[in-house]
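S.K.: Put chain B on the given structure of chain A with help from the hints.
If you read the protein sequences in the order shown, they are chains A and B. Under full-length UniProt numbering, read the first sequence as residues 1 to 415, first letter to last. Under full-length UniProt numbering, read the second sequence as residues 1 to 415, first letter to last.
Read the hints as simulated data drawn from the structure, not as lab findings. Positions of the beta carbon are idealized from the N, C-alpha and C atoms, including for glycine.
One side only, chain A facing chain B, incomplete, derived with CB under 7 Å:
| no. | residue |
| --- | --- |
| 1 | Lys49 |
| 2 | Asn95 |
| 3 | His357 |
| 4 | Tyr362 |
| 5 | Lys368 |
| 6 | Ala369 |
List time: in silico SDA-like cross-link candidates among lysine to any residue, alpha-carbon distance up to 20 Å:
| no. | chain 1 | residue 1 | chain 2 | residue 2 |
| --- | --- | --- | --- | --- |
| 7 | B | Lys368 | A | Gln78 |
| 8 | B | Lys370 | A | Pro81 |
| 9 | A | Lys287 | A | Asp12 |
Coverage of chain B stretches by chain A, computed from C-beta distances (three or more under 8 Å per stretch; other residues unrestricted):
| no. | stretch |
| --- | --- |
| 10 | 42 to 53 |
| 11 | 335 to 346 |
| 12 | 357 to 365 |
Below are the chains, spelled out letter by letter.
Number of protein chains: 2
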Amino acid sequence: MTDSAASPAPADPFFTIGTRLDDRAGRTGTIHTPHGDITTPSFVAVGTKATVKAVLPESMRDLGAQSLLANAYHLYLQPGPDIVDEAGGLGRFMNWDGPTFTDSGGFQVMSLGVGFKKVLAMEAVGVRSDDVIAKGKERLATVDEDGVTFKSHLDGSRHRFTPEVSMGIQHQLGADIIFAFDELTTLMNTREYQERSVERTQAWAVRCIAEHEKLTAQRAHKPYQALFGVVQGAQYEDLRRQACRGLESIVGETGRGFDGYGIGGALEKQNLGTIVGWCTDELPEHKPRHLLGISEPDDFFVAVENGIDTFDCVNPSRVARNAAIYHPDGRFNINTSRFRRDFTPIDDECDCYTCRHYTRAYIHHLFKAKEMLASTLCTIHNERFTVRLVDDIRRSIDSGDYDAFKDETLGRFYR
Amino acid sequence: MTDSAASPAPADPFFTIGTRLDDRAGRTGTIHTPHGDITTPSFVAVGTKATVKAVLPESMRDLGAQSLLANAYHLYLQPGPDIVDEAGGLGRFMNWDGPTFTDSGGFQVMSLGVGFKKVLAMEAVGVRSDDVIAKGKERLATVDEDGVTFKSHLDGSRHRFTPEVSMGIQHQLGADIIFAFDELTTLMNTREYQERSVERTQAWAVRCIAEHEKLTAQRAHKPYQALFGVVQGAQYEDLRRQACRGLESIVGETGRGFDGYGIGGALEKQNLGTIVGWCTDELPEHKPRHLLGISEPDDFFVAVENGIDTFDCVNPSRVARNAAIYHPDGRFNINTSRFRRDFTPIDDECDCYTCRHYTRAYIHHLFKAKEMLASTLCTIHNERFTVRLVDDIRRSIDSGDYDAFKDETLGRFYR
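Just chain A, same shape as in the assembly (with noise of 0.2 Å):
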């Protein structure tokens, strides 16, 4: 199969700047890519498998998303990348023209299908040394100098990623944006072992874009995928601001380096803000921001205040499947009782396809009888809540209204 996109170099430039958020790091902007443009900020939306669950693409397309993210590790696993890869990329394969996004792996083979937000909290991941993440009792990854071995969480079957690895499946998926291969570390492992971490952090991402470069001449005739490295460093700064500049100091046999970075990792939702400041004050202005994982509305405004340009998070539609609503006024649960005959919408004000055809009490109905629709109503109305958000933040900087906008926002949703 043929990709129409194709093209062996890549955009130049790959992102620029817009308006400019008074004194503060925040921008808006648009990332260029082979299938079209991503204004910033933005919300990705999440489509794990290569699908958003419960949703058609032409939904996500209709709800503004811009652009989706797929997970290397659940497509290595299952189809396998070299399916993908045939099938002409991961984009074609799921009908999505637009942008998408792949992250490495690293993050799934070491916490092992264990949620981002677990994770933060910690108490979900039983961490049983330095060396090893683990999962209950079960040894399930462990991390070398070389790279993680790990047992699948749908057979037990032993795999092994390293950085070369990572990059093989991310460049058969073929998705516009991918991210270098990282190791996780949690708010439990000591300061020693950060260090460490930054350290072989740093020479993966050597490692992958080594790998990167070599697999982009060898692939030329497929359009050029953009490369981010993956800032680790926990909570400590001086951490943070080494594996900025380690990563902004590869520059790889082409000289290009990065085409933009992720920021990742044990972030506590108190020093969110004041962890992705140090971050973006070392990386390069000219090269967009990516936050993995986050989508609460405080978390959006800290972290696009501080220089953030893209957000992923399975939130909206994971929470959505269990009937948990985003509203200006804050998140409800639509499965209790008292919107049985709730004739009205989700939001009156939302533009949403649910919030234009459906009642509550139908999605009320929906959940109670077990039905599918229900997720799919309910996914796509938070998907635009979400995608909407972030697009009004960037409307707000354009239109010099930021502040009105935040304080007016989160005094809604959090009052």
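M.R.: Using the frame of chain A, we list chain B on its own:
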């Protein structure tokens, strides 16, 4: 809430006949409902709980579904017919502006969620005595002259349906075409029981018409709901003919009688045409005839040439959720490994959304990954296959090519 289609008067005529199938009972026609016309023969897609499982109503419209059928028993238990009524009726509740049907709940209260095919096969329903249809060891439904007492399959609570209760529920649900409350029998019932049952269903039909006329007058601000009588009589020619004549003789106070007829009950596949033929031979030609719970290609042809106008069945969507695919060359299961790398559509001649945008490899992946979109995409395809097949039968009657189309279609499907 108001319904712009509101009109106290039935369409006159309710049904118009188009082309006749030479000397056989088959014909094309048009059913006129307050929410639009149904050109017949036509397949009515099933949305049991006010949703076609896993599919948006716009997808059903796009794939050519003219009308949808929901179930009175299920909607009575959840959310309750009063809520559907307050929402503006079934169509408005579920965002479907075309014609709607509800069945009477008679089948479900007696089989309690056991599907029609299982009842046909009989093994699934343990008939304990002539007076009780029970499931397993527990007595779940008891039939007396006045109605049926049964336990909810959801929570075991006791409920009672009578002809009046069923009419009340169906008037609250507000579908364009509703069915009289009948007694379900099985091929394992004795001849004597079938005789008593036909008499009972006849007595219930009289009560249904009376209650229907009362409710129609009380709810004259609502769109007219057409009432279909249901023919029982199992495999006995005299009972089937007696049942038809009995139903036809009921004209009520208005003199209108039933607007159409449903043919239900125990039917062995090899006798389908014969039994349908007895019924349509007796039934008035100018009223539409619905065959309940049928969707296999050969059954469509046999039924249409014996005078059936409409069909409904859960099978196209039910089997889709289990990865069974209808194809002109027969049914196959897309879960098998030979489709892992099959980058062709399910059916390269099919015009459905799924076949235009997705490969077998992708759909195979979705099933392996346990993604809901698998059900969505396969349901769209199977419903399109079924709707189009009956539409093509209609066109073949109009164009005079019925027999050639039948031979070609069945020759391919069952080769």
